[in-house]
Structure formats: structure tokens, C-alpha cells
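Given the sequences, and given the hints that come with them, work out the whole structure.
Residue numbers (UniProt numbering): 1 to 185.
Keep in mind the hints are simulated off the structure, nothing from the lab. Backbone N, C-alpha and C fix where the C-beta goes; we use that ideal spot for every residue, glycine too. There may be inaccurate statements among the hints.
[Claimed, not checked] In silico DSS-like links for lysine-lysine, alpha-carbon gap of 25 angstroms or less:
| no. | residue 1 | residue 2 |
| --- | --- | --- |
| 1 | Lys185 | Lys22 |
| 2 | Lys39 | Lys185 |
| 3 | Lys103 | Lys93 |
[What the hints assert, rightly or not] Taking CB as the label site, the calculated pair distances span:
| no. | residue 1 | residue 2 | range |
| --- | --- | --- | --- |
| 4 | Gln35 | Ala68 | 25 to 35 angstroms |
| 5 | Ile38 | Gln83 | 31 to 41 angstroms |
| 6 | Ile170 | Glu78 | 35 to 45 angstroms |
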Amino acid sequence: MSNDSFPGWHGTTIIGVRKGGKVVIAGDGQVSLGQTVIKGTARKVRRLSPGGHDVLAGFAGSTADAFALLERLEAKLEASPGQLQRAAVELAKDWRTDKYLQKLEAMLIVSDGVELYVITGAGDVLEPEHDVTAIGSGGNFALAAARAMMDSDRDAETIAREAMAIAADICVYTNGNLTVETISK
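Below is the structure:
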């Protein structure tokens, strides 16, 4: 069976919202293969604690690839404790230049409670302009919904949950089974 005829893995929506001194990263639990839901309870948001400094990470894309990247991020954080930006930039540089890492198909949202970044395989470390960012197949739906709520009196977790609910209603590769983690400094 050629790669062209094999249905691709789809799924996920991850959102990061920074508001009121807190950052919330939320992710849905759906993993799909073609038109079939393979799993509805995947956990795509993790708390990392290298060197005693908590960092939240959410991933979209290949699970195995994302775990490889999370391991690399943890190593970078252990080498530079408490310096998320430096660790993210170092990971992005490696990801872009290392022939093995270049093949990895995933994206990450990471936060230490203050900084919030999207890390991509293109070498990008992006900080959102409006304190909200999202990745994955339903990411644009969640992003638009969250941005519309940022000026309201809702807190970061409420915005993340409501934006994810909207994305789950629109994107067939996103479900309402959420993992939600909060971090503050």
C-alpha cells in the first residue's frame, strides 16, 4: 500500500491561554485514522518538572514523534533550569538541523506559567500576540473562539474549556474529552 492511499492520522486540538497570571493548556483526547476514531481518551497535555521547574507541554501530530521531542525538551530544560525560552530555541535549532529530528511530525505548545510558546519543526519559537495560541486540526477554531473571549471576565481555564468545546463542535478530528493543566508563577 503506497503512502498516497494510506489514510493519515488526524487529530487533535491543543490550546494555550495566558490570562490573570495563569497559563492553561488544554487538549482533546481524540486520535483518528482516516474516518475512524482510534482512541478518544489520549492525553496530549503533560506536566514536565526538569530540575524542579514545572513546564506544561501540549502536542499535536504523531504521538511517538511528540514524545521524542518532549524528551529532548526536558533535556534542554535540565541543561538550562528555569530558562524556557532558551530551551525552546535550542530544541527548535536541533529540530531544524538534525536529520533525524527533521522527520518528526509534531508541534508543541509549552509554558512555564509566564512564557507561552509554539515550537515547530521549521525552527520556529512563536510567542502569541494575544495571549492565546492553538495547534492541531481544530486549532484555528479554538484560537478564534478563545480570542473572541479574551476581553471578557472569563478566566484562562474557562476560556480554554469553552474554546475547546466550540472546536469539538466544528472539527470532526476533535472531541470534548479534555486534559486541562494550569500553571502560574
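To see whether the hints hold, each was checked on the structure:
1. With a C-alpha separation of about 8 angstroms, the suggested pairing of Lys185 with Lys22 holds against the 25 angstroms cut-off.
2. The hinted pair formed by Lys39 and Lys185 fails the criterion: a straight-line CA distance of about 34 angstroms is larger than 25 angstroms.
3. Between Lys103 and Lys93, the direct Cα distance comes to roughly 14 angstroms. Compliance with the 25 angstroms bound is thereby established for this hinted pair.
4. Between Gln35 and Ala68 the Cβ separation comes to about 28 angstroms, which falls inside the hinted range of 25 to 35 angstroms.
5. Checked against the given bound of 31 to 41 angstroms, the beta carbons of Ile38 and Gln83, roughly 37 angstroms apart, stay inside it.
6. In this structure, Ile170 and Glu78 meet the distance hint of 35 to 45 angstroms, their C-beta atoms being roughly 39 angstroms apart.
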